[in-house]
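Undergrad: Single-letter residue listing:
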Amino acid sequence: MSLIRIALAGEGGQGVQSVAEILAEAAYNENQQAIYIPNFGLEQRGGVSIAFLQFSDNRIGAPKFQKADIVIALSERAVARTLSYSGQDTLYVYDSSFKVEQEELPREAKQIIALPAIDTANNELHPRVFNIIIMGAVIGLSNVVRFDSAKEALEHKLGHKFEKDPKLRELNFKALEIGREMAEKSLKEGAASNV
Amino acid sequence: MAVPTIPQSWYLPSKPHKFCPGCGHGIVLKALGEVIDELEIQDQFIFGCDIGCSLLSWNFFACDSTQTHHGRTTPVMVGIKRSRPELICLGYMGDGGGYSIGSQHLLNSAVRNEKVTLILVNNTNYGMTGGQMAPTTLPGQKTETSPYGRDPLATGYPTMGPEFIAEVTPDSAYVARGTVSKYKQLKKYIRSAIRNQMEGNGFSFVEVLSTCPTNWRTNAHQTWNFLEDEMEKYFPVGELKTPFGKGER
Amino acid sequence: MQKVIGESKKSFMTGNEAAAWACLAAGADIMFGYPITPQNEIMHYWTRMAPKYGKGFLQTEDELSAGFTVCGGVQSGKKAFTATAGPGNVLMQEPFGMAEAMRLPLLAIIQQRGGPSSGTVVYSQQEVALTTYGGNGEGHRIVYSTSTHQEIFDYIIKGFNSAWKYRFPVFILGDGYQAKMREPLEMYDPESRGIEMVKSYPLIGLGGKIGQDRGPSHLCNIYSLEEELYEVITKVQAEYEAIMPQITEYEEKQCDDADIILLTHGVVSRAADDAMKALRAQGIKAGYFRPITLRPFPQKELRAAIAKSGAKKMLIAESAIGQFDRLVKQEIYGETIKIENLFMPGVGIIESDLIDKVKSVL
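Residue numbers (this note's numbering), protein chains in the order written: chain A, 1 to 195; chain B, 1 to 249; chain C, 1 to 362.
Just so you know, not all the hints are guaranteed correct.
Restraint ranges, calculated between C-beta atoms of paired labels, are given here [claimed, not checked]:
#, chain 1, residue 1, chain 2, residue 2, range
1, B, Gly140, A, Leu158, 24 to 34 Å
2, B, Gly156, C, Arg214, 33 to 43 Å
3, B, Asp64, C, Ser8, 33 to 43 Å
4, B, Pro236, C, Ser8, 47 to 57 Å
5, C, Gln2, A, Pro166, 53 to 63 Å
6, B, Asn108, C, Ala129, 24 to 34 Å
7, C, Leu206, B, Pro236, 45 to 55 Å
8, B, Asn108, A, Gly87, 49 to 59 Å
Note that these hints are calculated values from the structure, not bench results.
Virtual Cβ for every residue (Gly too), placed ideally from N, Cα, C.
Please model the entire structure based on the sequences and the hints provided.
TA: This is the structure:
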């Protein structure tokens, strides 16, 4: 696979870094080259949290990048913060529940996609698995890792929680699946606004 | 019912502040802000902060402020006060900045009875850098660099800062330990400390016991319990030295 | 020596974690340190592993203390090390200077952050001057500038050996990106790769009965007369120069025939490698040179690369304003190749930055 660059951004506490870590591990387990680097400022909590991911068959160069292949903004503040990472080849994804005006979305993008991830989490699953839906969406949009690799990495990271409550495993895997389907659907439809 | 007001000495553009949910800094800085307002010293007031969580207060007040290197707040305040004695200099730091890397400055400034005021916020860990052990970490307490619990035989017992400051300072110094669980008392101590400087008596020092749920990994109940049941038992709250007559102890 | 890793292990972890494991695998005995971002996790991992492997750890009251406690540990004959960054690195120059003077084989991991002063907690290459020539000495140090997690692991093992064999303080110069990012590497016990770890030895506490078995060991770093100091330091300089060929390391690509040479170090060299390949694919003859040791600097090898390439220009790119540039110019004084600069202090450099710059100067 040639180089894929993904930027995930959200509010501190939404699980952006967890998702990035799991995806990167999944890629590594498939013997891909993977780099994951969090951004970090001074505060311990709060502020926008960004994760930079790169996947490739070959040795990856610089850990950060200017333009991403996929940008996913998990909060309205994150949209503003990630505009600069969207170029003409970027798939720019945000949640359909955000109140963002046309001008607040990136000027340059291959396709801008609005996913109903938050609503789905709140109404069909559980608010806590919103970030897992997003993880599924990343896979659906890019096929950057195999679905079962992601499940394995998720199990590895959250297994101890699943042991205590096996329903959580079901919930998380379902969220993953739903996220993937959501993304695949939106790619086909060319959803939301285009530039 | 009276609606709580924001102190005039607070700088509104920097609000809401960046401290974690459940952090005690907001309470201490509120008390300080109210004291600055009541004493009407906003224009002469110099606020110095350290590295660590106190750093987040660098633009907290509508007062002239300066952020320095870790542990160096005290000497910077001393430098300002010695050069411009009419200014009221207050250094704000954590247990790391005061009792660890800044301890030699703290000790020497106390011995010299420098006419500055220091507020040291004690939350028993290094918060901003991710929860390492601090001089005030309690025996058995787990932190990132005491993952199996602090062993006092290996790393000593928690630093009793106000106690040692009280030992090395003359009678004209003011030394107290407050807690964010007793707001009125805390505010009284801060006011007495600053008054000690304003009246030209000498050194003033207030340690404040405070909370850090982020690095303690505690919920609201546990946080408050740790403060009141553990910290306040270990670190006695009250005035240790006051030129203003008998304090609470 | 204790086997720590066992079977050669492929892992995916942060640079800080890799550093802690490397110190363990290299047989380090004790770490002294003080919290400062972005190297804290080296302490966190070490302090968790320490009791399992009988290793020592102390979080000191500050970096001055951390540096001097390491000096003490090394003098007593134990493999002591520390890690720091930014203002902590500034403070540690005092003990590092003592290590230079007294020939103490300490190892320090430096994870560069933005400067000067508190700067940022994130990244830079602004501690090159400090790490190569800090303190009030003559730069009698060994500095490895790593660019991957594998190198962090490999060069920490090599670093302990360089330190204890040649008795110069050794620095592993990383940065906040390397510290915090996750990428794959392979960990191993040195013996499994035929690497023999140099044994440590005490300079004090030598055992035996004084007056009978041996005289007392008196260590100092001060002299009464200028001439005494002169003698000592010229001897050290001569020794340093003599071992330079054994220690110097560099990486050179496509310099046999190049119009422009990209000269970078550390993590920036990853982008430079990608940039060189991309430029070549576009028909631009770019070459790549990367010193791995900043001290001693591979100046002979760089001069040779310039000569054989026929290049008219060299682009020195760094995340600082000229710290690496000055080091290079000092080392290759007399070369007439035109030097261009890409200075991005405290900011990451990616391949498009280098490609654009090359195109603008050619």
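Undergrad: Would you mind marking each hint as holding or not holding in the structure?
TA: Hint check:
For glycine 140/B paired with leucine 158/A, a C-beta distance near 30 Å keeps the hint of 24 to 34 Å intact. At roughly 35 Å, the beta carbons of glycine 156/B and arginine 214/C sit within the given window of 33 to 43 Å. Checked against the given bound of 33 to 43 Å, the beta carbons of aspartate 64/B and serine 8/C, roughly 59 Å apart, lie outside it. Range check, proline 236/B to serine 8/C: Cβ separation about 56 Å, and the 47 to 57 Å hint holds.
With their beta carbons about 40 Å apart, glutamine 2/C and proline 166/A fall outside the hinted range of 53 to 63 Å. For asparagine 108/B paired with alanine 129/C, a C-beta distance near 31 Å keeps the hint of 24 to 34 Å intact. About 48 Å separates the C-beta atoms of leucine 206/C and proline 236/B, a value consistent with the hinted range of 45 to 55 Å. Evaluation of the 49 to 59 Å hint for asparagine 108/B and glycine 87/A yields a pass: the beta carbon distance comes to about 56 Å.
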